[in-house]
Amino acid sequence: MGVITKMDGREKTGLLRIFGNRAIMAAVSVFVIAGVSASAVGCGTTEKNIEEIPTPLKDTLYVYNAGEYIDPELIDMFEEETGINVVYDVFETLEEMYPVIEAGGVIYDCVCPSDYMIEKMLQNNLLQEINYDNIPNIKYIGEDYMKMASEFDPGNKYAVPYTWGTVGILYNTRMLDELGVPYPTKWSDLWNPKLKNEILMQDSVRDAFMVALKKNGFSCNTENPEELDKAKQDLIDQKPIVQAYVIDQVRDKMIGEEAAVGIIYSGEILYVQDELEGTDVNVEYAIPEEGTNLWIDAWVIPKNARNKEYAEKWINFLCRPDVAAKNFEYITYSTPNTGALELLDQEYLDNKAVFPDTKELLKTSEFYHYLGQEGDALYNDRWKTVKSS
Amino acid sequence: MKNKSSRYLASPYIIWIVGFIVIPLLTIVYYGFTDKSGAFTFSNIAEILVWENYRPLYRSLILSAVSTLVCFLLAYPLAMILRWYKIGRGSIIVFIFILPMWMNSLLRILAWQTLLERKGVINGILTAMHLPEQHLINTTAAVLIGMVYDFLPFMILPLYNALMKIDDNTINAAYDLGASFWQVLTKIMLPLTVPGIVSGVTMVFVPALTTFAISNMLGGGKIYLIGNVIEQEFMQDSDWNQGSGLSLVLMMFVIVSMLIVNHFDDKKDMGRGGVI
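So the protein lines, in turn, are chains A and B. Each residue of the first sequence is one higher than the one before, counting from 0 in numbering that gives the first Met the number 0. Each residue of the second sequence is one higher than the one before, counting from 0 in numbering that gives the first Met the number 0.
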């Protein structure tokens, strides 16, 4: 009798052990995954380590760009024309890209970040000067844009503009008509209680705070705690009427009529309008009166790049008017390439949302600047409060 | 079994355990107890006392507790029915309940997104029936539904296994002695399935407590859980020290809740042994 009881007990604990262990493993794996990536990125921060990594294929160019940010045919075209093999990797956010370049775990020859991130990379000495002798097509990049780029890259030594644009409000005219809400022209229109569950906000610190700061007439690069607190309070007040904080999904949700207004990058408008062509859905884009964030994405060459010449060939290729025009038609993000503009349909050029008057814009709008670790913390801490409340 | 050469067979697992569990865990501990300059500090741990961090943790605890309870209430009757009809492990019905586990859980959550959206399947049916549209997505309820759906199989399986192990004679004997169904359930079935309940509860509670994907996809970034806080620390703020510190705190909560549940199980086991 006693033996049977014992066996019975052991069997049950055995069963428990199997499942119990699996539960523990499931719990631990969350931390482990984070840990693995931590240790993977954590190693090799010194230059000595970088040299120890075996050299890759000689005829290969390593490119790192944001997702869905090039016409994939162009990569094939480049490979055919030059015989250079391209390894093309993508990142989702710049914050995700930065530690990869900094740690040098994977070495890229050419990267395409935005203005403030280029500023940060420059400050941390992660970039090398571009040899413009190898990029004759630089002459096609409009002077205005080079001048704008000099704001984060003084003297235009490190970055070649690739795309540019604004952040603004995309709205569905029919849905707003039904709600009886006038079309938005200002950021403060996004605090209208009638828009409950109709607003898609950007789920990124700087963009969300830019909206609230500009609404109050502050700079979107402010480091004044009082101004930031005011913006934080506005964002908290707005939260109950916001439907969701999303990034890339704004585009698809607007196409699917999930919401009436969404904050979006100007490059997405043509895509949305193309998708909606032939339907009775009409969306428009407004650059708010208070001013907005003006941005430039540009190609840079990391300090540890192994194939600088290939990288320059790549940049030169992308600056070629026919290439830039073809790329614009695919990604629909405004191009700074004057040669390409001549090749594009007038219909595109007349679209004030895609090609706004930069001189007019610069009166109220700003680029983001890298604020340093402490400046970033001012924003990040407050953003956490907004998200937690 | 006991000769030396067979011991070397274990070495790949040792490498696995050290390389993918022990070292990363120690890395987390290291980051958790140091600041950006590498000096020792408790501040990353103490950060949990800040409203912005304990509020999401509290929310996570509540949501995971509720989803565990709902899973249990759904799974137990189902497991009893499966037992009642003597549906074996190989049967199609059991198979169907386990099937979702073979699919990527993010895909399953994505499917819920299309169901709950404003122009989604559920609202489509409501509109077709001339009923008003409902606001379903990006609410706490949506996150809860996602958790329950995602983790339900992990509750069903251990409960089913535990119930199938109960000898029919035990239950019949109870009925013979005049026990009502309620008495059989509370005095026989539930106590005998405690190990299964414990497994099920841990397997649902722990992933629900640590999730950030479900709240992101079905909560629209509005339902901020402790998993989201840690994700933001790592991915957006690139503050690994802070993220690791909060991960350690969360780990403590997981361990403590598992200890409580397991302790409950041990006591029952001992009690039963004594009675018999």
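The reader is advised that the hints may include incorrect statements.
Claimed, not checked - Using 16 Å as the maximum straight-line C-alpha spacing, the simulated EDC-like pairs for lysine to aspartate or glutamate come out as follows:
no.	chain 1	residue 1	chain 2	residue 2
1	A	Lys-302	A	Asp-143
2	A	Lys-362	A	Glu-288
3	A	Lys-252	B	Asp-236
4	B	Lys-35	A	Asp-375
5	B	Lys-118	A	Asp-143
6	B	Lys-118	A	Glu-256
7	A	Lys-307	A	Glu-128
8	A	Lys-325	A	Asp-75
9	A	Lys-138	A	Glu-341
10	A	Lys-302	A	Glu-128
11	A	Lys-195	B	Glu-132
12	B	Lys-35	B	Asp-166
13	A	Lys-193	A	Asp-236
14	B	Lys-35	A	Glu-373
15	B	Lys-85	B	Asp-34
16	A	Lys-325	A	Asp-70
17	A	Lys-325	A	Glu-72
18	A	Lys-362	A	Asp-143
Claimed, not checked - Where chain A lies over chain B, by a calculated footprint (3+ residues, C-beta under 8 Å):
no.	region
19	47-54
20	99-107
21	167-174
What the hints contain is simulated information worked out from the structure, not anything from laboratory work. In this text the structure is predicted, and so the values were computed from the model without any measurement. Every residue gets a Cβ at the ideal spot worked out from N, C-alpha and C, and that includes glycine.
Status of each hint after checking the structure:
Using a Cα cut-off of 16 Å, the hinted pair Lys-302 (chain A) and Asp-143 (chain A) is violated, with the two alpha carbons roughly 27 Å apart. Straight-line distance between C-alpha atoms of Lys-362 (chain A) and Glu-288 (chain A) comes to about 11 Å, which keeps the hinted pair within the 16 Å bound. Under the criterion of a C-alpha separation no larger than 16 Å, the hint pairing Lys-252 (chain A) with Asp-236 (chain B) is inconsistent with the structure, at around 27 Å. For a cut-off of 16 Å, the pair hint linking Lys-35 (chain B) to Asp-375 (chain A) stands: about 15 Å separates their Cα positions.
At roughly 43 Å between alpha-carbon atoms, Lys-118 (chain B) and Asp-143 (chain A) are farther apart than 16 Å, so this suggested pair is violated. Proposed proximity of Lys-118 (chain B) and Glu-256 (chain A) is supported: the alpha carbons are some 7 Å apart, at most 16 Å. Among the hinted pairs, Lys-307 (chain A) with Glu-128 (chain A) is consistent with the structure: their alpha-carbon atoms are about 10 Å apart, no more than 16 Å. The straight-line distance between the Cα atoms of Lys-325 (chain A) and Asp-75 (chain A) is roughly 13 Å, inside the 16 Å bound, and the hint therefore holds.
A C-alpha spacing of about 14 Å is found between Lys-138 (chain A) and Glu-341 (chain A), which places the hinted pair at or below 16 Å, so the restraint holds. With a C-alpha separation of about 8 Å, the suggested pair Lys-302 (chain A) and Glu-128 (chain A) falls inside the 16 Å cut-off, and the hint holds. For the hint linking Lys-195 (chain A) to Glu-132 (chain B), the alpha-carbon distance of about 14 Å falls within 16 Å, and the restraint holds. Taken as a hint, the Lys-35 (chain B) and Asp-166 (chain B) pair is broken in the structure, with Cα atoms around 59 Å apart against an allowance of 16 Å.
Taken as a hint, the Lys-193 (chain A) and Asp-236 (chain A) pair is honoured in the structure, with Cα atoms around 14 Å apart against an allowance of 16 Å. At roughly 12 Å between alpha-carbon atoms, Lys-35 (chain B) and Glu-373 (chain A) fall within 16 Å of each other, so this suggested pair holds. Using a Cα cut-off of 16 Å, the hinted pair Lys-85 (chain B) and Asp-34 (chain B) is violated, with the two alpha carbons roughly 58 Å apart. Distance hint between Lys-325 (chain A) and Asp-70 (chain A) is fulfilled; the C-alpha atoms sit about 8 Å from each other, no more than 16 Å.
For the given pair, Lys-325 (chain A) sits about 9 Å from Glu-72 (chain A) by alpha-carbon distance, which is consistent with the 16 Å threshold. This hinted pair checks out: Lys-362 (chain A) and Asp-143 (chain A) have alpha carbons roughly 14 Å apart, not beyond 16 Å. Here the region 47-54 of chain B counts 4 residues with a CB under 8 Å from a CB of chain A, which clears the bar of 3, and the coverage holds. Given as covered by chain A, the region 99-107 of chain B fails the check, having 0 residues with a CB less than 8 Å from a CB of that chain where 3 are the minimum.
Against chain A, the region 167-174 of chain B contributes 0 residues with a C-beta closer than 8 Å to a partner C-beta. That does not satisfy the three-residue criterion, and the hint is violated.
Taken one by one, the earlier hints fail for this structure at numbers 1, 3, 5, 12, 15, 20, 21, listed in ascending order.
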